[in-house]
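> Residues per chain, in single letters:
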Amino acid sequence: MTLIATIDAGACAAHGDCEAIAPEIFAIDDVAVVVGTGPDELMLAAAQACPSVAIVVTDADGRRVYP
Amino acid sequence: MSDGTVIAGGGLAAQRCAETLRRAGYEGRVRMVCGETHAPYDRPPLSKAVLATTGAEDDLGLRPASWYTDHAVELLLGTRAAALDCTRHVVTLADGRALGYEQLLIATGSRPRRLGLLDGFANVHTLRTLEDARALRAALAGGGRLVIVGAGFIGQEVAAAAAKAGVDTTIVDAADAPLAALLGPAVGTWFADLHRSEGVDVILGATVAAATGAGCVGRLTLSDGRRLACDHVLVGVGVDPDVAWLAGSGLDPAVVRVGAEGHTGAPGVFAAGDATGTGHWESAARQGMVAARAMLGVGSSRPAAASFWSDLYDTRVHYLGDAPCADAATIDGDPAQRDFSVTFTRAGAPVAVLLVGRSHDLPNARALLAA
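Chains as they are written, first to last, in my numbering: chain A, 1 to 67; chain Z, 1 to 371.
What the hints contain is simulated information worked out from the structure, not anything from laboratory work. Quick caveat: nothing in here was measured; it's all calculated off a predicted structure. Each residue gets a CB set at the ideal place from its N, CA and C atoms; glycine is no exception. Some hints here could point you the wrong way.
Simulated coverage check for chain Z against chain A, where a stretch passes if three residues somewhere in it have a Cβ under 8 angstroms from a Cβ of chain A [said to hold, decoys possible]:
1. 146-155
2. 339-346
3. 357-366
One-sided excerpt, in silico: chain Z residues whose CB lies under 10 angstroms from chain A [claimed, not checked]:
4. 12
5. 23
6. 44
7. 281
8. 300
9. 301
10. 318
11. 320
12. 370
Work out the full structure, taking the sequences as your base and the hints as a guide.
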């Protein structure tokens, strides 16, 4: 749980793939929002599944891990 | 008036509308008239993975079958909307059923443009549906010579897939460079060179002037006099909204015009996706969601710049913004290595970005365009 996910609300088209993969981390409202934490691998898998590449994952030092 | 929401169409915009309604707690009936015999599925892979392997069909569904029962979304498969009566609030289907609606989403998508010269030949393909992709895959499995008419993204993706499968492939386009109208001649030429470096022949500034063959077209004559022998032809010259069924409804049966929230002006009638002439995956998804929210009286956040992506020879290409309005373009990186970005500017301000092999730059590109 060292990685941090942020959502580019302008890029998110609410596809819902992140919520399907990691519901403990992401939920869809108007756009996706981060609602909790979870394993790094799950967070990364959800980010990589985003068709809009709207989830940016950084490490604890602020370095971008994905995309 | 009753019977909830009818969604005419079963593509991405339709799916996103249904999802958004249920997510927001909408309890009315939701019926989706899918047209095809499949539940809503993802089209972008049709010109990519699905052409390569039958296995790629397994993950095409936008949601598992259980989603539709869990969310009480009724799928009407294998029939399509045939007529609309905006006054009586009734959609009549091709099979004769009449569906009353309180709210209607027109999301019947688009259909590929055809070339009259090539109509009626059994080996001339277009690519829009899963059946189209299956037919093209089966044809290409036998090898032979493929001529692709049109160097848009569909044509280019099929060229990449066909070349990879060992099919002798030629692209023909009327412009002097692929995508020149969108990205300008310099970037367009990069796409032509990309295909040529993969063994695909690219013929530019030419159109199909004649086609000959019995049953199947065996030879194309181009406007420059060149003759191309072919075993298969793919026509990829764009799409038109599939909304002819709206004739007589009072709405435009060529393209449905909508306001920012997807409303058509007819009471309770909204539209989204290709039916409105927008024509991209991202915008279809967004419009389906926005229309659903408007049906419920909820606003939506302002949409981001238009964007889409393509996969060509294992290189991912992203495009954001509005390049045709640009007056200058700057290339950063190494086009020869398929690793570069193009920033399009107008009067010095960024208006569009093309990323080749640089998905990691997407957040920066979006920030640049939003600034």
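> Next, verify each hint and record whether it holds.
Each hint, compared with the structure:
1. By the rule of at least three residues with a Cβ nearer than 8 angstroms to a Cβ of chain A, the coverage given for the stretch 146-155 of chain Z is violated, with 0 such residues.
2. Taking a C-beta to C-beta cut-off of 8 angstroms, the stretch 339-346 of chain Z contributes 0 residues in contact with chain A, too few for the three needed, and the coverage statement is violated.
3. Closer than 8 angstroms: that is the beta-carbon criterion, and the stretch 357-366 of chain Z has 5 residues meeting it against chain A, so the requirement of 3 holds.
4. The closest approach between the C-beta of residue 12(Z) and any C-beta of chain A is roughly 9 angstroms, which is under the 10 angstroms cut-off, so the hint is satisfied.
5. Using the Cβ-Cβ criterion of 10 angstroms, the hint placing residue 23(Z) at the interface with chain A is satisfied: the shortest such distance is roughly 6 angstroms.
6. The closest approach between the C-beta of residue 44(Z) and any C-beta of chain A is roughly 8 angstroms, which is under the 10 angstroms cut-off, so the hint is satisfied.
7. With 10 angstroms as the threshold, the beta carbon of residue 281(Z) comes within range of chain A, its nearest partner Cβ sitting at about 8 angstroms, so the hint holds.
8. Given hint, residue 300(Z) at the interface with chain A, holds; its Cβ is 6 angstroms from that chain's nearest Cβ, closer than 10 angstroms.
9. Checking residue 301(Z) against chain A by beta carbon gives a least distance of about 6 angstroms; that is within 10 angstroms, so the hint holds.
10. With 10 angstroms as the threshold, the beta carbon of residue 318(Z) comes within range of chain A, its nearest partner Cβ sitting at about 8 angstroms, so the hint holds.
11. The interface hint given for residue 320(Z) is met, as the beta carbon of that residue sits about 9 angstroms from the closest beta carbon of chain A, less than 10 angstroms.
12. At about 6 angstroms, the closest approach between the beta carbon of residue 370(Z) and any beta carbon in chain A falls short of 10 angstroms, and the interface hint on this residue holds.
The structure does not agree with the numbered hints 1 and 2 stated previously, though it agrees with the rest.
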